[in-house]
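K.L.:
For reference, the chains in residue letters:
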Amino acid sequence: MKQKLLLVLFLVLATVATAFAQTRTVKGRVTDAETGEGVPGVSVFVKGTTTGTVTDINGNYEISVSEGAILVFQAVGMRTTEQVVGAQGTIDLAMAKDTTELGEVVVTAVGIEREKKALGYAVSTVASEQIEQKTEGDIGRLLRGKASGVNVTQANGVSGSGTNIIIRGYTSINGSNQPLFVVDGVPFDGGANQQSSFVDGQTESSRFLDLDPNNIESVNVLKGLNATVLYGDRGRNGVILITTKSGSKNKDLKKKTEISVTQSLFANEIASLPDFQDNYGSGFYNSYGPFFSNWGPSFSELQVVPHPYGNFSNPLTQSAFPQFVGADYAYRAYDNEEFFETGIISTTTIGIRGGSEKASFSASYTYYDDKGFTPNNQLKRNTLSFGGNANLSNNFVLAATINYTNTDYTTPPIAASLGSGTTGDGASIFGDVFYTPRNIDLMGLPFQNPLTGGSVYYRSGNDIQNPRWTVENARSAQKVDRVFGQMSLTYNFKDWLSVLYRAGIDVYAEDNEYFQNRGGVDGNINGILRTTTAVNRIINTDLIITANKNLNDDFGLNALVGFNTRRDVFTRQGIESTQQEVFGVARHFAFKNQSAFNSFSDGQLQLLFEENRLGLYGQVSVDYKDFLFLNLTGRNDWSNTLETGNNSLFYTGVSLAADLTTAISALKGSDIINFLKLRVGYGSSANFPGPYNTRNTLGISTRAFLPTGQAVPISTNAVANQLGNPDLKPERLDEIEVGIETRWWKNRISAELSLYSKTTNDLLLDRDLDPSTGFTGITQNAGKVRVQGLEFDYNALLLDKSGFQWRVFGNFQLLRSEVLELPDDSDGIVYAGFTNLGNFAIEGQPLGVIQGSFVPRDPQGRRIVNSDGNYLASTVIDIIADPYADWTSTISTSLSWKGITFSMEWQYQQGGDLVSYTASTLLGRGITSDTDFDRRQTFVLPGVQEVADGVFEENRVQIAATDLYFTTYGFGADEFKVFDATHLRLNEVSLSYSLPSKILSKTPFGSVQLTLSGYNMWYEAFNFPDGTNVDPNVNGLGVGNGQGFEFLNGPSSRRYGGSIKITF
Amino acid sequence: MKSIFNKLFALFLVFATSCEVLDTDVQDTPNALRPDQFDVNLLLNNVQLSTVTFFQGMTDEGMEVTRMIHMFGPLYQNAYFPENFDANWSTAYATVLADIRTLIPQAEDLGAWRHTAVARILESYVLVGLVDYFGDVPYTEAIQGSDNFNPRADSGADVYNAALGLLNQALAELDRSTSLTSTDLFLGERAYWPTRPNGAAWPIASSCVSSYSAAWWMPMPETAW
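Chains A and B, in that order, give the protein sequences.
The first sequence begins at 118 in this note's numbering and counts up by one.
The second sequence begins at 16 in this note's numbering and counts up by one.
Treat the hints as calculated values from the structure; they're not laboratory data.
In this text, a Cβ means the ideal position worked out from N, Cα and C, and glycines have one as well.
One or more of the hints may lead you astray.
[Unchecked claim] If you only want the chain A side, here are some residues facing chain B, beta carbon under 7 Å, derived:
# : residue
1 : T682
2 : Y809
3 : T814
4 : L815
5 : S832
All chains, please: the whole structure from these sequences, using the hints.
P.N.:
What follows is the structure in C-alpha cells.
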C-alpha cells in the first residue's frame, strides 16, 4: 500500500516545472467577453515551453516571457486563444465562450469538473429544469426515464412510499443494488429502513425523499464502474451526484442578488382504479351470498336481500346493530370509488442567490405538502438550505453547505394480500378494498362497532377488516429530522497544485410508529403499538491533492491523490406493546404487554451497526494534443466488516477517449459532423458485506414460555441457525464499456451510444444449508453474475426558425442479465418473495427469474385438466416469468414559440413480466368489466384429461364461469397471475408561458413563468385484462432486490395542476 | 516537499472528526450473544420447548393421513408439497440436535447429569420420530457445521440403535447425583422419570429395529435441499 502511494505521489511531483531565466514579465487580466468579469483559473502558458501560470480570482496573471513568444489562453468552456507577445508589458484578453464545440462541463467523481469530451465513460446529466416545479417531491421518481441505464420503480403510488433505483441492472444477489447518493461531494444515505417484511407491512420511505428537488442545480449520474472507482465499493451500483443550488458556485453573476418564489398546486388522484362492472353482485355460482367473491346473481334478477349486518354469528356484535336484524338491503351497484380521494399537493419555494466574484451564497426554503389519494395518507416536508463559498485572500477557498429537512409521513398500513385479505401479521388498506363486492355500500354502511369501537363489515363472521375502519384506526408513520452538510477548505499552493480538505456529515433521527386500535380483524386484534427511533450517522472526510498542468505543448496532465475516511453508525431503540386497555389511546402506558421484539419479524427492536471504511485513491489523466485522453484510476479500500486478511481490496480503472474531430483534419470545421468521439474503458469495484457476518452467535429469548402455575416466564438460549463465515471476502466487479459520442448538423443533433458488460465474481450468497448440518444458512462467496447492455441517448433540434423551435430528445436502453455460475450443489437460490413464488438465481437464467406453480402438461405439451374440469396446479415450481424488459425507451418532444413551451414525455416498455395479484384477484372475484358477460353459460377449458395411466384425451367437461375465473385464473396455478407488462405511458405533459422581458422591464420582476403540468396522465398496459387497469410501475416487494411482483399493494397516482415562478 | 506533506497529514489528523473510523478490526456483534456465553440451563429449556414444536409439526401430517383431522387439498395431488416438512426437519436438526451437541460437553464438565440425561432422552425421541417418517436420515455425519455440508443418511436401523443407546446412557446418568437442578417442563419431578428400563415403557421395541426395512416407506417427493 505504501508503495502505491509513493508511486502516485512521485508522478505528481514529477510534473513540477523548473523555472528558466527569462527576459521579462508580462501581466494582464483575462475577462469574460460577455459579462466583463474576471475569469479565474484560466491556464496561461508560453507555447513551446513548460512555462505556465493560472489566473487568480480576479482574472489577473503574471508570466515571464521572451519577446516573440506566443501566449496560449485555455479554460474549460471557453475558446482557446493565442496571443503573440509584442513590446507591451500588459496583455489583457476578453475570452469568448466556446460555442462551436459546446464544451459541456460535467461534475465527475469527488466533485471534480471535467469537460465531457475528456471523459472515457458515460455520464448522464439531468438539468434543474427537468426536476424543479414538478408534481413529485421524490427525486428518485423524478429521474424515471430521464437517463438511460437508470431504472426507477416505485413501491406504489402512495405519497411517501419507497422507491427503487437500479442502474445497469442487478449485480448482487444478497447485497444492495441501489446506487450511492452524493450530495455536494458528501455521501448521503438514501436507504429505506424497512422494519418488517412486505408480507407483514412495509410503508417506509427511501431516505432520499429528504432532498428537495427545487434546490437541486444538477444531477449527474455516473453509471459505469470506470466512473465510480474513486468512490470505492459503495459506488459499484452507480453514483447519483447531486449538486444543490446551495452547493454550487453562482456562475451567472449578472445580477447581484436574485430572489425566486415558486408556488405550485396540484391534484393527486388514483390512476389505476379498475373499471368495475355494474351488473352483478356478491355470491358464488350465481347464487347470492355475502362473500368475498362477486359471482352472485345479476341486479336485474334480484332487488332486495337481507341486510348483511343483520346476520352476525357473534351475538355480541349483533347486539350493537339491532336495527339491521330482519331489515332489507337494496341489491344494486354502489359507488365505492368514493373511498379514494383527490388529494391536494402544494409546494412553496423561496430561493435567494447572490454574491460577488469573491464570495457567493445561496439559500432556499421549501414547504411541500402532499396529500395522497388514499384517505389519511399525507407527506409534509420542510427543507431549509444554506450554502456559500468564498475566495479568501491568502489562496484559500472556503465552501460550506448546511441543510435541514423535517419530513412527516403518515399512511394507513400497507401489506401484501393474496386476494383473500392479508396473509401476514399486519393489516393492509389495499388488502380487500379493490374487490369489494359491487352491492356492498362501502361508504354508506357503518364501519365501526359503536359499543366496542371495533371493525364491522358485511360477512357474518365479521372476518374482513373494514377498509374505512383501517383508515381511522390504524397507521404507519415516520417523522424524520435530518441535518446534512459539508465544509471544505482548499489551499492553492501554486496555480497548478492545490489541496482540498472536506468534512461532511449526514445525521437523521427517524421516529417510526406502527399502530392499530383493538377491535381489528387483521393483525393483532387486541391492539398493537410499535415505536422505534433510528438514528443514522455518516461522518465522511476527504483529503485530496490535485495537480493540473500542461507538461508541454502536446501533453497535459491532471492528477490527484486522495484519502477518504467514512464511518456509518446506525442505532435503533424501540418498544412494542400489545393488548390495548383503552381504545383510541396510542401510547405505551395504555397497553398491557411490552416487548423488545418486533412481533412481525421476530427481530430485535434495539440494534447497533458500526461500519468503518478507509480508502486511498488516485487518478492520473493525460491528454495529448487535446484530442486523446488517457485516464488511470485506482483505489484501495479497508473495511471493518471482514476479518483481517480479507478486509483490504485494491481495484483500478483505465479509459481512453479519442476526439476524432480534433484529430482528423478532414473532419475539423466540418459543418455536418461537428463532434465525434470514441471511448473505451475498464473499471472495477468491490462489495463489502454488512457487519457481523463472519462469526457465529448465540440467541437468547428471555420470555420464551410461561409454564402453567408459574408467575415468571423461563428463558432459553439457542445456538444461532446462521453459520458465521470467517473466510468471507468482498465481491469483485469488473466492467468494460465502449461508447461513441457524436454531434451533427451544426450541433443540432447529438447522440451517444454506450455498450457495457459488467460481471460480479465471488458473489456474496446467503445460502440455505441442509439443517442436518446443525445450521440453516451461511453467507459465502460463490457464483458469478453478468449484465450486458446498450444505452442510447439523443437530442435533436428539428426545427429552429423565426422563434419557433421543435426539439425531440430521449433515450433507449436494453440489458441482458445472466447468472453465469452458482455453487455446484445449488439448483437455484431464492432471494426475494416467497420460497415457492419468488425471484431466483438459477445458472444460465437472468438473475431474478420467477419460479412458481404451473399447470402440468402431457408429453405433447397440452395442459392437464383434473376430473372436475379445472386445471391441475403443480406441487413443484418451475420458471413461469422473466421480469426483465426486452427494452425501454423514453421519447420527449418540446415545441416552443416566443415564451410558450409545450412538451410531452412518453415512456414505453417492451416485454417484462409482472406477477400481478391485482389482475388475478379482480378477475377471480368477478369485479371488473372483463367478467361482465352472461354468467349462466358454461366453459370447457382447452386441455386434456388423464383417463388412464399415460393416456390423455381431450377435455370435454363443462365448468361454470365461477370455476373458470375463481378456481383457475384467480386462485389456481401461479402461471395465470403472470402478465406481460409491455406498456406505454404519457409520463409528463406541460404547457408553460414565460412573460416577455419587455413587459417585465418596468416591473421589479426579473422573470415570471406560468406552467400547467400533468404527471402519469395516461398509460396502457396492453396485455393486462382491460378492466383491471394495472400500472406496471410498482414493486410489491418493496425497496430491495425483488422485482416483477405486485400483491394488491401497488395502486398508482395521477397528478396535474399548475405552478408559477417569479424572480426578482 | 516532505515536510509540507507531513504537516498536511498532521493537520488532517487534527481535523479528523472521528478517530474511531481508523479501526478496521472486526468486532463481535452487539446485537447477539457470543457462542461461548451459553448457559446449559437455558439451552436445555430450548431443547424441551423445541421438541414440543417438533412433535406438533410432525404429527399434523400423520393425523391428516389417518383422518383424525381434515386434509386440505382438495385433491390428493395437491395435498402436500415438497417443502411441507422443511420446518420440522429444521427444528429437529438445527434447533434440537444442535443445542444438545452444544450443551452436553459443558454439562458433563459441570457434573450436571440430570441435564445430560434429559437431553439424551429427547434426542432419542426426535431421532425415532425422524426415522418413523423419513426412513434413512443423517446421524453420524450430522451437526458438523462447515466440516460437512452434505451429511449422508444412515440406515434407519442404525439410527434406531443409536437412539436405544442414548436411552440406556440416559438411564445410567439419571441414577447419578447431579450438581445442577434443571427446569423440567415435561414432568417437573424427578420421581416420574423411569429408573429402570422397562421394556413395555420404551417407545422403541427391539423388534422394531430387527424388522426395520426401508421398503416400509413410500417414496417422498424430493426435498428442496
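K.L.:
Taking the earlier hints as the rules, which of them does this structure contradict?
P.N.:
none
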